[in-house]
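S.K.: Letter by letter, the chains look like this.
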Amino acid sequence: MNIIQGLVDNYFYFASIVIFLIGMHIMLTHSNMIKKIMGMNIMETAIFLFVVSIGYVDGGSAPIVIEGQTIRFINPLPSALILTGLVVGVSLTAFALSLVIELYKCYGTTDSDEIMAIRRREQ
Amino acid sequence: MNDFVLQTVTQILMPFIQVYGIFVVLNGHLSPGGGFAGGTILGASIILYALTVDVKAAEGIYPDERAEMVESASVLVFVLLGLISLMMGRNFLTNIGIFPSPETGTLLTGGFIMPVTLAIGAKVASTVITLFTHLFEEKKS
Amino acid sequence: MIRRIVATIMILLLGTVLLYMTSEMPRFGDPANPTNNELSARYMEDVIEDVNIPNIVTAIITDYRAYDTLGEATVLFAAIASVLAVLAMHSDSGRGTKLDE
Amino acid sequence: MNHLPIVVICTSLIGAFASPVLGKGRPWLPGILARIIVPANAVLLGILLAHVGDVGVFHYFVGGWAPPWGIALNVDYLSLYMAMAIHVISTIILVFARGDLGHEVRLDGHRWYYTLFLLLVAAMTALAFSNDFFNIFVFTEVATIAACALIAIKAYRECVEASFKYLILSTVGSGFILLALALLYMVTGHFNLSLVAGEMAAAAEAYPMNIMVALVLLIVGFGVKSAMFPLHVWLPDAHSSAPSPSSAILSGLVVKIYAVVLIRVILTVFGRGVLSTAPIAEMLLLLSSAAIIGGSLFALAQRDIKRLLAYSTVAQIGYIYLGISLLSESGTMGGLVHIFNHALMKTLLFLAAGAMIHQTGLRDITKLSGIAKKMPITMGVFSIGALSMVGIPGFNGFISKMYLATGAFEAGKPAFIIVILLSSLLNGLYYLPIVVRAFLGAPDEGEVFTRDRIPLSMTIPLVALGLACIYFGLIPGPLLELVRRAAEHLILL
Chain A
1 MNIIQGLVDN YFYFASIVIF LIGMHIMLTH SNMIKKIMGM NIMETAIFLF VVSIGYVDGG
61 SAPIVIEGQT IRFINPLPSA LILTGLVVGV SLTAFALSLV IELYKCYGTT DSDEIMAIRR
121 REQ
Chain B
1001 MNDFVLQTVT QILMPFIQVY GIFVVLNGHL SPGGGFAGGT ILGASIILYA LTVDVKAAEG
1061 IYPDERAEMV ESASVLVFVL LGLISLMMGR NFLTNIGIFP SPETGTLLTG GFIMPVTLAI
1121 GAKVASTVIT LFTHLFEEKK S
Chain C
2001 MIRRIVATIM ILLLGTVLLY MTSEMPRFGD PANPTNNELS ARYMEDVIED VNIPNIVTAI
2061 ITDYRAYDTL GEATVLFAAI ASVLAVLAMH SDSGRGTKLD E
Chain D
3001 MNHLPIVVIC TSLIGAFASP VLGKGRPWLP GILARIIVPA NAVLLGILLA HVGDVGVFHY
3061 FVGGWAPPWG IALNVDYLSL YMAMAIHVIS TIILVFARGD LGHEVRLDGH RWYYTLFLLL
3121 VAAMTALAFS NDFFNIFVFT EVATIAACAL IAIKAYRECV EASFKYLILS TVGSGFILLA
3181 LALLYMVTGH FNLSLVAGEM AAAAEAYPMN IMVALVLLIV GFGVKSAMFP LHVWLPDAHS
3241 SAPSPSSAIL SGLVVKIYAV VLIRVILTVF GRGVLSTAPI AEMLLLLSSA AIIGGSLFAL
3301 AQRDIKRLLA YSTVAQIGYI YLGISLLSES GTMGGLVHIF NHALMKTLLF LAAGAMIHQT
3361 GLRDITKLSG IAKKMPITMG VFSIGALSMV GIPGFNGFIS KMYLATGAFE AGKPAFIIVI
3421 LLSSLLNGLY YLPIVVRAFL GAPDEGEVFT RDRIPLSMTI PLVALGLACI YFGLIPGPLL
3481 ELVRRAAEHL ILL
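Chains as they are written, first to last, in my numbering: chain A, 1 to 123; chain B, 1001 to 1141; chain C, 2001 to 2101; chain D, 3001 to 3493.
Keep in mind that the hints were calculated from the coordinates and are not lab data. Mixed in with the good hints, there may be bad ones.
Said to hold, decoys possible - Simulated crosslink set (SDA-like; lysine to any residue; CA at most 20 angstroms straight-line):
| id | chain 1 | residue 1 | chain 2 | residue 2 |
| --- | --- | --- | --- | --- |
| 1 | D | K3165 | A | N41 |
| 2 | D | K3374 | D | P3393 |
| 3 | D | K3165 | A | Y11 |
| 4 | D | K3165 | A | V57 |
| 5 | A | K35 | B | A1044 |
| 6 | B | K1056 | B | A1037 |
| 7 | D | K3367 | D | S3276 |
| 8 | B | K1056 | C | L2087 |
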């Protein structure tokens, strides 16, 4: 029962892995491009949750120093890096959406299977 | 969207949101927040205006030409701050004391952190607004 | 349909491996974890001396690891340049539909 | 002197940031700016190389914070070699773009094109120098977005589609990379490559699953981005539909920088200790052999010249991974030297194909018969590139193949010599018919060649690349010396 115990102990990691898998499943199985982008966002968010939870320390508080108090902080590094990661995610999403807009203007659909069908019909 | 209540409330709220955004940017090094959070709040105020009142009017508040200038200028400021420390014989992006060092916890502490945060805030706000207006209604350039 | 089944099986396999790994990871929230080493200790203890600001996260992103933040501003710039370029280039007439002219 | 790596990255970034504003209403200005910045940076890198020759390799601490607190740049021969390759090849492509770009991208898009091009060059240089996992992730994203946009900027819907496919697959790759570096951070507590390497043995003892999963995720993540064989599905569409200068830089440099980062991470961070616990190297050998044979077979079936070249890239990436995963000195040298040689050859071939499409508008290789009579220079250098690809002695392609074969022999795996020979045969089968048909075939009567010459700014880069292919085939000494030092650094650890 080591595995169950480990999963219960690491419930934050467990949850973020499950969300990650849901996001990947959406990306791989859906042909609608908007849904693909949603899946991409879910996947990224799961990774961000995972990274931030690495930095958690039992009983720790937000890492802002208050003069004259010594309290335990959480590890600030993962949180700081995920601020960067968030911006990367926004950038990728924005660019992907602009490409979908262009594809919609060209083909009149946001479904990648339908675009393939249109391409095949034209050849 | 033509809802009188919504539009009026938005126009009343906008200055408060913007002041809050500026506060978050300026106090990024003292309290939770910073360039990214504050910039997004600033951008959100304009997005709210665009959604409830009119996208064209929002573009009037923040036209494309100014957006391009702000985009380029803010990142250039960031790189140039790094290069200044290079010219002073330190490594790139070394934190150099710009202001005379006051006591911890006041606004002008932290060397070049506040200029950097301001640049990031301007950059993020501008990017959020520009992305929104361009994706919301593709314009004829 | 086949694609969906194959993808689901792949995800399940990946999930099994990842979840098995999760059970063996350092325990969540344990102060003795490898991540709570001299790296994070210095950020927490010396931030006032080093940077003279109380917000540690801001200190990390704008001072200790400012180069990453420069990269991140560059990502934002790349995104906005890409979006503007793509939307402007495809905006009006003169658009081709075929590669062969 | 020590600041030169960051100066090189920053000048490209400043050029990129300034281009949209400067280019508004002056579409010619960003191009000139780029054509000044990139060659100047190549010169600076040459100075830096000489400096490193004097003082030895060093780490540069950005922000003045030593690792683990700050970010370190790794100024060694591998990063210098890659940075030099990036800047030299980019310079040539930029000169070519002056003549070709107007034909493929609308004039008001030129400022964006050069902005993205400079961003891509800066990001690749930063990746070559970076010695920090998170920094690698950030600049990987810059390079990904810029590369996708360089495809989609051409106003054809095929380009947008290819770009979207590339972006989605790259994003999955980025997700895997971020997850992998989180897993590594979790058990080692560091982001700096050298420090992670130091903690690796203890971490592999205590948390073997984390390390193995992270290794596999990194291989898949960077494998998607560098078009490792079964993950290459995005590459043919993306590289064949892009504007010719973009195709050249994407095929010549962008896929390789990810390969180099992956190689550096696998060999210096994980090291032989972890590699020996699982058959990772053997798996990479098999995959790269499959890439070499499979890519060549796919290329054989293509009629579109740029698609053919794109599939050929899949095969050539296989060579690079083959050389590295042999884990012998000659093999590593062969893989590394092939990075530069293939960049020269493939840039040459893509630019020559671009010149042909520019002049005739034809992409179908069966319709190009007799084209050598109309475009002798272009077709001449194309033949040099093709012969070099096949691996004829006297051209630079031969040098890398020779080292790869020696490496396979050294590693005690002579079976891979057969793979190399077989792929040379296949290369000959798809490249030589184009050359033969172009020189000996009769031109089709109905074809109208509106322009009899390509502009000088397109001829000069082509000739320069052709001469470089012959030069590095006949006098490979200095290049091999640099590569040997880079390989030593990798193989010693």
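S.K.: Does each hint fit the structure? Answer for all of them.
M.R.: We went through each hint and held it up to the structure:
1. Distance check on the hinted pair: K3165 of chain D and N41 of chain A sit about 16 angstroms apart at the alpha-carbon level, within 20 angstroms; holds.
2. With a CA separation close to 28 angstroms, the supplied pair K3374 of chain D and P3393 of chain D exceeds the 20 angstroms bound.
3. For the hint linking K3165 of chain D to Y11 of chain A, the alpha-carbon distance of about 34 angstroms lies beyond 20 angstroms, and the restraint is violated.
4. For the suggested pair K3165 of chain D and V57 of chain A, the alpha carbons sit about 40 angstroms apart, so the restraint of at most 20 angstroms is broken.
5. A C-alpha spacing of about 24 angstroms is found between K35 of chain A and A1044 of chain B, which places the hinted pair above 20 angstroms, so the restraint is violated.
6. Using a Cα cut-off of 20 angstroms, the hinted pair K1056 of chain B and A1037 of chain B is violated, with the two alpha carbons roughly 26 angstroms apart.
7. Among the hinted pairs, K3367 of chain D with S3276 of chain D is inconsistent with the structure: their alpha-carbon atoms are about 51 angstroms apart, more than 20 angstroms.
8. For the proposed pair K1056 of chain B and L2087 of chain C, the alpha carbon gap of about 17 angstroms is at most 20 angstroms, so the pair holds.
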